[in-house]
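2 protein chains.
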Amino acid sequence: MTVFDAIQDRTSYRGSYQNTVIPREDLIKIMEAGLAAPSGCNTQTTSLIAVNDPDLLRRLHEVTGLPAAATAPAMICVLTQAIVAYRDRCYNVQDYSAAIENMLLAAVALGYESCWYEGQITDADAIGRKMADILGVPADYELVCFLPVGVADQPVKRAKKKPFGERAWFNGFQAGDD
Amino acid sequence: MTVFDAIQDRTSYRGSYQNTVIPREDLIKIMEAGLAAPSGCNTQTTSLIAVNDPDLLRRLHEVTGLPAAATAPAMICVLTQAIVAYRDRCYNVQDYSAAIENMLLAAVALGYESCWYEGQITDADAIGRKMADILGVPADYELVCFLPVGVADQPVKRAKKKPFGERAWFNGFQAGDD
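Going down the list, the sequences are from chains P and G. According to the numbering used here, the first sequence is numbered sequentially starting from 1. According to the numbering used here, the second sequence is numbered sequentially starting from 1001.
Careful: at least some of the hints might be erroneous.
[Stated by the list, open to error] Some residues of chain G that are not near chain P, with every Cβ distance over 12 Å (derived): (1) Thr1011; (2) Ser1016; (3) Thr1020.
[Claimed, not checked] Pairwise CB distance ranges, derived in the manner of DEER restraints: (4) G:Lys1162 / P:Arg58: 14 to 22 Å; (5) G:Lys1157 / P:Asp125: 37 to 45 Å; (6) P:Gln154 / G:Asn1042: 12 to 20 Å; (7) G:Tyr1086 / P:Ala82: 15 to 23 Å; (8) G:Cys1041 / P:Val156: 13 to 21 Å.
These aren't lab readings, by the way, just hints derived from the structure by calculation. Yeah, the Cβ is synthetic: ideal placement off N, Cα and C, and Gly gets one too.
My request is simple: use the sequences and hints to build the entire structure.
Shown next, in the form of structure tokens:
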């Protein structure tokens, strides 16, 4: 699948998943894609845990409370470390976001759907920390996101986006789009 | 080019660029890839300005102070708006990072090199605001990153990364990588 097709085909899938076993090699390919993303001053602040053990998935979804995502036969958990990269700044949010986007594209290219679940686990409810505890993640890593991975069991819908000319221009703000 | 090839071929290129004109259609394709990235609750917080006007590029690089990047025949400037997406949270950093990664992959697929310049323009020197002023960007948008786009004129080097097993595991923190 070409880059452009994967980019356009990717959606945030929130339906249920088929009970298809995901080959371990596919999860490795998806994680390799994530780790290949750039990071501020090459600090490589992002780490990943693929979960395909059914009992562990069940325990994790007891805390996520997301029934549709819980049907996915695998998930990838995204860990981040706040490491200073440039002057006094950390770019770990940018780093893991680029890694997540790579993984979403890789998943699409392998025939899977996924969804970027971050806000639901990083807000005041601290679900990400509960997931991290289940996975034995030390306190200096934050579990900020999980990506279910599986074959869609329901129709895949595409988010409606604003027209190109409302968000992109040439040679100046709102100066022209073609 | 496949997704996986583009992901592995992408590098942060900091050399000089050939004086090749970039077709407008290629800049549009790259920006379309950026706008197709997901955003928190579909808030679409990222906007883009492609710059290929030589005089405007010269003026922008007077403030960036990056001689190698200044040889690129085009750049894409990334704008963001802090829009609340979920509860009281903004995910605009995540949004523009995913958009940037898509654009870097699209550039590679079209035969170009680029580099994610963010820290250099968003720190205390406020170079991003000076660039925004040149482009007529209003105060409620922040110019957080620019991507030079062009054909490499020097060898492309790849950043050295840690081995897979130091950053990715299955079913638990550092539990195993295969």
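Structure-based check of each hint:
no., hint, result
1, Thr1011, "violated, 8 Å"
2, Ser1016, "holds, 20 Å"
3, Thr1020, "holds, 18 Å"
4, G:Lys1162 / P:Arg58: 14 to 22 Å, "violated, 31 Å"
5, G:Lys1157 / P:Asp125: 37 to 45 Å, "holds, 43 Å"
6, P:Gln154 / G:Asn1042: 12 to 20 Å, "holds, 19 Å"
7, G:Tyr1086 / P:Ala82: 15 to 23 Å, "holds, 21 Å"
8, G:Cys1041 / P:Val156: 13 to 21 Å, "holds, 18 Å"
Against the hints set out earlier in the document, violations occur for numbers 1, 4.
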